[in-house]
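J.: What follows is the residue order along each chain.
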Amino acid sequence: MNVKKFFALAAEQGIIESEVVVTKNSSLSIGTFRGELENYSIAVSHRIKARGIFNGQMGFASSKKDDKDTPSFLVKQIKDGATVSESDDLAIIFKGSPKYKRKNMLNPAIQEIGEEEKIKNLFLIEKKLKEYDARITEVTVAYEERVGSTELHNSHGLKLKENGSYFYYYAYIVIKDGEETKTGYHVHLDNKPEKFDIDTFVAKVAKNGLDKLSGKPCNSGLYPAILNQEVTASLLQFYLEHVNAENVQKGSSLFAGKLNEQVASKKVTIIDAPLTDNVFYSYFDGEGVAKFNKAIIEKGVLKTFLHNLSTASKFGVESTGNAVGGTGKIGIAPSQATLKAGKLSFNELLTKLCNGFYLTEVQGLHAGMNPTSGDFSLQASGFMIKDGKIDKPISLVTVAGNLFAIFNDILEVGSDSELQLSGFTAPSVIIKEIAVSGE
Amino acid sequence: MISKKVALEVLNIALETGGDFAEIFLEETLSSAVIVESGKTQPVASNLNFGAGIRILKGLQSVYGHTNNVTKKGLTELARSLSVSFKGERLLEVEKIKKVRVNNKHKIEQNLYEVPIEDVVNPLKEADQAMRDYSPQIVRTQAGITREVRKIAIFNSEGKQIEDTQQRIRTMLFAIAMAPNAFETSYYAPGSYQGFEFLKTLDLKAEAIKVAELAVRKLDAAPCPSGKMPVVIGNGFGGVIFHEACGHSLEATSVSKNLSVFSNKLGEQIANKAVTAIDDGTLANEWGSNAVDDEGFKTKKNVLIKNGILKNYLIDQFGGRRMNMEQNGASRRQSYEFEPTSRMSNTYIAPGKYTPEEIIASVKLGLYAKSMGGGSVNPATGEFNFACDEAYIIRDGKIAELVKGATLIGTGAEILLNIDMVANDLKHAAGMCGSMSGNVPVNVGQPTIRVSEILVGGQGGKLE
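Chains as they are written, first to last, in our numbering: chain H, 0 to 438; chain V, 27 to 490.
Keep in mind that the hints were calculated from the coordinates and are not lab data. All residues carry an ideal CB built from backbone N, CA and C; glycine is no exception. Take the hints with a grain of salt, since some may be wrong.
Here are some, though not all, of the chain H residues that point toward chain V, as calculated from beta-carbon distances under 10 Å [unchecked claim]: (1) S28; (2) S312; (3) V323; (4) G327.
Straight-line Cα separation of at most 30 Å, DSSO-like style, residue types lysine-lysine; simulated pairs [as the list claims (entries may be wrong)]: (5) H:K191 to H:K206; (6) H:K75 to V:K324; (7) V:K324 to H:K67; (8) H:K4 to V:K177; (9) V:K324 to V:K177.
Take the sequences, apply the hints, and build the full model.
T.: Given below as structure tokens:
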């Protein structure tokens, strides 16, 4: 779509300020099963999102169709959508930040590697997994890569472009041992193919499944616990919905009115770190504001809410560069939020806890977690910890608690930080206690 | 969207290297959401999804690609780059394409987008107001309507052209109640394959009051006790238990690869005799219905379990090849951006002989899960979980105090045997189901049922 033509048409219709975001992606995915290439998929996609101010209100539209009628379709939808709107959100099209930390995250090496080699890797992963342990009976392996760009243009002349790329290998195994069935999986996500090591990957997949064998429910009770990186990062994701300034302003955040107060354990420091050099690096937000790293919670004290232009303006502060351009509104989200690591290794955490529960996996977060109240009750699995060592595996139990209580009760933070697929990073942590329900 | 001539050319390019089946799936979907939040109408956002997916099958291999460039050039390029993944001689040439008449019986009285915007906004404003008026403890509310008109066209190497238009509408009410330092939420979200007349079937204002009332009442609820106990699961959305505990494990996606606990078990007793379970994509105007599936086959009523015996699976064309079984109209995809696979439509447990009152009266000490939230399952182990949205303790056969934060977990194989009483009050409820081929609208449904024993998780300690 010709962006200038869109801006001109919009202006002609009374939409004086407007913005267009174009995302383009090309992707490849390959899957193998039982020594055969099972799925092969390629895609080219293109999406145009547009918004604009009409009579003081913002209107939104998006289209994956790009032909001569697209500009007029978008203009009409924006105008109709804005006409009915009575939103309190301030309608702002941004003029630009003084400085942007531009970085090209496109790694051409991903596409330079031939498809044959990627397929060869999948077969090799399958073979190595089958050889790893005779109890591994079925193996599904997949590879996916995506290369793309996001371009933001607005009627103030702001032009920003971000290129990105990533690939991942995924393997899923079924393990059968007598009557018992367990599954395991692992995903390696990256944008540097040279960092992918097949043997390390295979060992992680196998361990993820095999360690669960003979897992049984434990006795119900309150246990002191270690949460692994993945579980901690998942809880962090929900916890941070309460630093979203829109939730604060609309009355559904438990952090409202608590800036500069102690809201969590002194061991808790949470950084919003969009400029971390990895596959999630991103330097401008959904409104074109420059992203930057900052502490959200420092030693348990709430330092800032996360803002877009509208919420920031209502609080008389600057945007924190956390706007997310949705199709119907400008939302707010953390960008590479990180629970800052401590000094203790995982083994030192085990020694310190001595006896308790090691929670390694939770299921059903979309239903068993109430992000508004912070209460959760989730299917879980893990291990008992006995005399400072990992003991028998536990499965089919539930853990229940409250997010705010958990972050208040973090007693130690490990040094074993790990970036998750969700873009959140966390180390293992020791918490005072968690309610486990089993036998 | 494209002519028969272009389709023919694209299909034949796709088949150049020995594919035994090729298909073009075209889609144009206009969706929009109207939301009133705490009294204020939000900007209406419209989204046009448009594109095509091409699939080529050869034995047990499939290749798939999609593009927004729905022109002769875009599609022929895509077909060519997909076909190079097979290395062989042409097996098949499509000579002619014939349009297959689709008998779409789902009645639409008022097209979703032919409605004045006030008729959409006003009932939402009224419902939103009703929630806020209920109590000063209601601090945030939302009332919304989403509309979707999905036009699809399928051309395949069997020489078929199949076209269909699907319309879906869903309303949503959501309230947050607050006490000092605590929040609770409640919601209501019915949906239908229907025109705008769907709204006339609902009493949104009355439902809004119920939503607000429950959110406020939950503020004073005690945490749910935990441990193994008998559980009565209410009708309607309670059917999510069958959806998670069993439905996903009956999809060809996992069954065909021997990755399901129910692989190779046709004809075996897998559930209690009280259980008959059905997936029916043909139900008139139901949220999960369609005239044809996303491969263009007529949807069907598939009896999956009859009196506890496994009778059938949900099978798509590709999954059926590995199983040596025919497809049964169960192939679905969120959009052209997904390769289709076997999925549920309207899944439910058939009504039994008890009244809901008899079932509740049969439990001395246990849980009544009146309405459920969502859940998830691992089809290989059958381990599932789902969350209760509204639950009460049953004491001496009577519904007693409201409790919050309950989750039920177990394994599918075990729970199916433990469903030992089924009532006569079958009801369906709308939901969205996410799996390999994306998010698709599905109904879950059941009458009130009793599960003799299941593990309940909550923060409330032992049930006494």
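J.: None of the hints should be skipped; say for each whether it holds.
T.: Verification of the hints:
For the restraint placing S28 of chain H at the interface with chain V, the shortest Cβ-Cβ distance is roughly 9 Å, inside the 10 Å limit, so the hint holds. Hint on S312 of chain H is violated. Least Cβ distance to chain V is approximately 17 Å, over the 10 Å limit. Because the smallest distance between the Cβ of V323 of chain H and any Cβ of chain V comes to about 14 Å, over 10 Å, the interface hint for this residue is violated. The restraint placing G327 of chain H at the interface with chain V holds, with a minimum CB-CB distance near 3 Å, inside the 10 Å limit.
Straight-line distance between C-alpha atoms of K191 of chain H and K206 of chain H comes to about 24 Å, which keeps the hinted pair within the 30 Å bound. Under the criterion of a C-alpha separation no larger than 30 Å, the hint pairing K75 of chain H with K324 of chain V is inconsistent with the structure, at around 37 Å. Straight-line distance between C-alpha atoms of K324 of chain V and K67 of chain H comes to about 36 Å, which puts the hinted pair past the 30 Å bound. At most 30 Å may separate the alpha-carbon atoms for a hinted pair to count; K4 of chain H and K177 of chain V meet this at roughly 29 Å.
Restraint check for K324 of chain V and K177 of chain V: the C-alpha separation of about 16 Å stays at or below 30 Å, so the hint holds.
Checked against the numbered hints above, the structure breaks hints 2, 3, 6 and 7 and satisfies the rest.
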